[in-house]
Amino acid sequence: MMTNNEFKEIFKNQLTKIGFKMRGNNFRLKTSEIETIVNLQKSNFSNAYYVNYGYNLLNFDCSEVYIHISERLPQLATFDLEKEFQNREKELLAIINQMLIPEITKIKTEQDVLNLFQRKPYLNMTTIFKVKEYLKLL
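Just so we're aligned, residue 424 is where the sequence shown starts under the numbering used here, counting upward by one.
Hint data in this document are derived by calculation from the structure and do not stem from the laboratory.
Any given hint could be a false lead.
[As the list claims (entries may be wrong)] Here are the simulated distance ranges between beta carbons: (1) ASN538 with GLU512: 28 to 38 Å; (2) MET522 with GLU429: 17 to 27 Å; (3) MET522 with MET445: 16 to 26 Å; (4) GLU429 with GLU556: 38 to 48 Å.
Heads up, the beta-carbon is just placed ideally off N, CA and C, and yes, glycines get one too.
Make a model of the complete structure from these sequences and hints.
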């Protein structure tokens, strides 16, 4: 079985390689316009994790929400530390390097955020009206 610390360490090793700073269960990376956040959220009901990620617009002052635009990786068996899983570390590395990092490294500017909304129009990635208004999406 993998421990919580081992799980977090795998994410830490991969994300710090590309410049993220870890604090608690959060990893952050800033450009001049965007702060990218990856959050490891532990389930309240089991020893499983959700992997949330998103973006804060640095030129937009809004403290109403923690992350202005947020998404979540699909809930995979790999994230449930209670389940026996052979090669969990290898699988986590693949998820981080093939799913998460390619997605989060695309977003560096507000224009990239607008492009994200165009690529994924079916997602309601922001829950507050003010962010959509700021991005002129309404």
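Legend entry - 16 to 26 Å as the expected CB spacing between MET445 and MET522, which holds or is violated: holds, 19 Å
Inset, instruction - Starting from the range 17 to 27 Å, see whether the pair MET522 and GLU429 falls in it by beta-carbon distance. - result: At 20 Å between Cβs, range holds.
Inset, instruction - Could you check the hint for me, namely that GLU429 and GLU556 are 38 to 48 Å apart, CB to CB? - result: At 43 Å between Cβs, range holds.
Legend entry - Hint check for GLU512 and ASN538 - Cβ pair distance inside 28 to 38 Å: holds, 33 Å
The structure shown violates none of the earlier numbered hints.
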